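Place chain D on chain Z using the hints.
Chains as they are written, first to last, in our numbering: chain Z, 1 to 378; chain D, 1 to 451.
The set of hints was computed from the structure by calculation and includes no laboratory data. Here the structure is a predicted model, which means the values were calculated and not measured. Be aware that a few hints might be false.
Chain Z is faced by these chain D residues, among others (derived, beta-carbon under 8 Å) [what the hints assert, rightly or not]: (1) Phe93; (2) Ala377; (3) Ser384; (4) Ile388; (5) Gly430; (6) Ala434.
Where is the CB? At the ideal position from N, CA and C, for every residue including glycine.
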Amino acid sequence: MAESTLQPPIPIVVKKKPSESAVWRVTKYMTVRLITMAFTVVVGLYLTILIANMGGYVDEIRRGEIRENVQQQVMNDRSLKGLTNEQRTQLIVDRIAVEEKRLGLDRPFVLRSFAFLKDAVTLNLGFAEFINADNGSRQVKIIVLERLPSTLVLFGTSNIILFFVTLYLALTLSRNYGSWWDRFIVATSPMSAAPSWFYGIFVIVIFAAFLKILPFGGMVSAPPPDNKIEYGLSMLKHMILPTLAIALNQVTFAIYNNRTFFLIYSSEDYVEMAKAKGLPAREVERKYILRPTLPTNITNFAFLLIGVWGGAPIFEGVFNWPGLGRTTLIAAGLFDTPVIVGTTVIFAYLLALTVFLLDFVYALVDPRVKIGSEGTSQ
Amino acid sequence: MNSIRKFFIELFQYPSAAIGMIFIIGLIIFSIYVVIALPYNEAISLWRGDENTWYKTPRTAQPKWVNWFRQEDLPETFSFNSADQQDTKTEEFSNGTNKILISFPFEYNSELFPQEVSLYFKSQYTAKQPFVNVKLITPDGRTINLNSFSIGRTYTYRLSQDQKLQRKFFGISPEKGIFVDPTVNADSLELLKAVPGTYELIVEGVAFEEGSSLDAELIVYGHVYGWAGTDHRRRDISIALMWGAPVALTFGLLSALGTTITTMIIAAVGTWYGGWIDEVIQRITEVNLILPFLSILIMIGTFYSKSLWVMLIAVIALSIFGGAIKGFRAIFLQIKEAPYVEAARAYGASNWRIIMQYLVPRIVPLLIPQLVILIPANVFLEASLNIINLGDPVLPTWGKLIQNGVGNGALTQGYYYWVLEPAFVLLLTGLSFAMVGFSMDRIFNPRLRGV
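Only chain Z is shown next, with the shape it has when bound in the complex:
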């Protein structure tokens, strides 16, 4: 060790081509993020399990699963056909006891919780008590994964549209500071205080109940059209109101927020400098205002998206959208414990994935990551 301290540190980065270095840095950054995120997910799932298990509910899921398996085995075993009912019941009870011992259900919870954790991480979520998947399966994993695409389509589409629309409008407004529209947006920004389901009720009253031009809820019209194009169109029609509700909740606040950042950044010296150089207004906007504010905008968007994920059960409930959130609600109504825990686990994954993806976009747009500074640990 003594020799190495005598060596001056070798500046490796400087000698590399900047583009290679950028790729290398982004990769390194993302790897670090992936590892921390995986760790975070595991901790989050473990917390979920702890909460779910405080009343012994995860134990019940496991016990129910064992009972079902053992019953199936005994029923299907031809060599046991000759037994009387009592003998068979006794056999089932015995086998359940053995199986529970084998899986360690008699061990203390701290040890078992790690087994649950493994199940949760590998999406081995057990069997539902009441809810069926469309193909008739009772596996929670299948039920949950079947519902996931509907949720992703709804929230993914509407949020991405909103992100770009608000960014564009915010830029326009920051150009017209103090105009009527600008003051309107500032005045209406507190509308974000009410959640999107709340506006959902209003838009349903206006467009579905009163004007009768759009459907009350659901994902496609009934019966679902066979034609793929018609199916898509019907789905788009059903998405108008939910998107409108999300927009009413977010748009003005997001525009206000973005516009404020643009205004703050557009009074920086380098922007004045660029303007003085005679660069076209659009270029100043793109390179000197939009670029440095993009990471902040994306972070804001990430928080918005996370909030939207959190509200999904209610939102999908109000619009009768057959997604993951509504499944949670139905499961809660039926006391279907495995499905409630299962959807919670999936939502934790979704949130983690959202954070990770936005981190990735962040890494692409944030110069601190690409060029390399102390910002890498951010």
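Okay, now just chain D, sitting in the frame of chain Z:
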């Protein structure tokens, strides 16, 4: 004191803040009034009351003020009770039978039909049940024999559900049939109109014992009730609208206060001590970010308890390590380097003293807008919990009204008032707090000054 006055003067420069502030103060006064005027136990027992408590009100009736916007007024409910109005009842005892004649003459002024017509009987006897015959005399002098039956100690005769009577009126439901002029031919059921005039409902009762009694109560249910209307269980919505205010304010204020103050102290401790404490707090924040908030609340509500207080604690616990911690941390990091903190360290102030006396007070101006903005978020959260059936099972709240309404087809069947009234007060409350909070943010946050 002077600085507070200066702050309020500056705050009222924003019209939205002034309007919001007026609404908030009004809401607080209203909440105090509600809690005094309609005490908790009374409100709960009314709200949880069954058909016996609420039999006098119509089902899903609109509020009275809808008549202001209509050309033709919707009829109101009216009732007669022979026990209260003795002049409606005559008794005649002869040959061991007690003949009781109850007559309710009433003026019906509307061309619209009532929602329901019901008769509630009460009688006292030892062995033999009294027998009654009910008939109606219309303004044009016809006598309609409605029904006859023997009654127990209590008996309810709902005209609207009398199948035999409906056949007699050729399928028109009886509460309409009795008001229709049979000589007028209407093309469809919708075009039927009630004939205004003086009607008389007569109950001829025969009791077979000496000393037995019979009383009847006639209720003609209208389509409007009170200033807020009624729900599917005939309950007066205004109870929930009124009690929703103190519940929402309590939940919003307590959760916002609990969350912001704890978050601030944690952020201060983390920044001051730094090192592994700060690191741990940061990691917890990241984990907290991916915890599905609502799903966990659903788990807690389904598995343990739906009580407002349990939910309140859960909400606070889940929000302590929220995104706000990062903002606070950034500011604390700046303050930590300030010369006066260094001075405090030099004179030997304890860590706790520096955190509480030097770091925390500096952040209060930034904290207040956060707090005010968080209140409406939590008011709506309480409503959200009700929407997904996780509301307090006992309390009447705004969210529960919306949930009841949506769940019982208020939107599809046109009972809009049922959902829109609580939605409107929620919006008013939420917007008032948000408007004040946003304006405070613009005053306190140096980055937003002048923007």
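Hints, verified against the model:
Interface hint at D:Phe93: violated, since its Cβ lies 59 Å from the closest Cβ of chain Z, which is beyond the 8 Å cut-off. For D:Ala377, the suggested interface contact is upheld, since its CB lies about 6 Å from the closest CB of chain Z, less than 8 Å. For D:Ser384, the interface hint holds, the least distance from its beta-carbon to any beta-carbon of chain Z being 5 Å, beneath 8 Å. Hint on D:Ile388 holds. Least Cβ distance to chain Z is approximately 5 Å, under the 8 Å limit.
The criterion of a C-beta within 8 Å of any C-beta in chain Z is met by D:Gly430, whose closest approach is roughly 4 Å, and the hint holds. The interface hint given for D:Ala434 holds, since its Cβ lies 3 Å from the closest Cβ of chain Z, which is under the 8 Å cut-off.
Consistency with the previously given hints fails for number 1 only.
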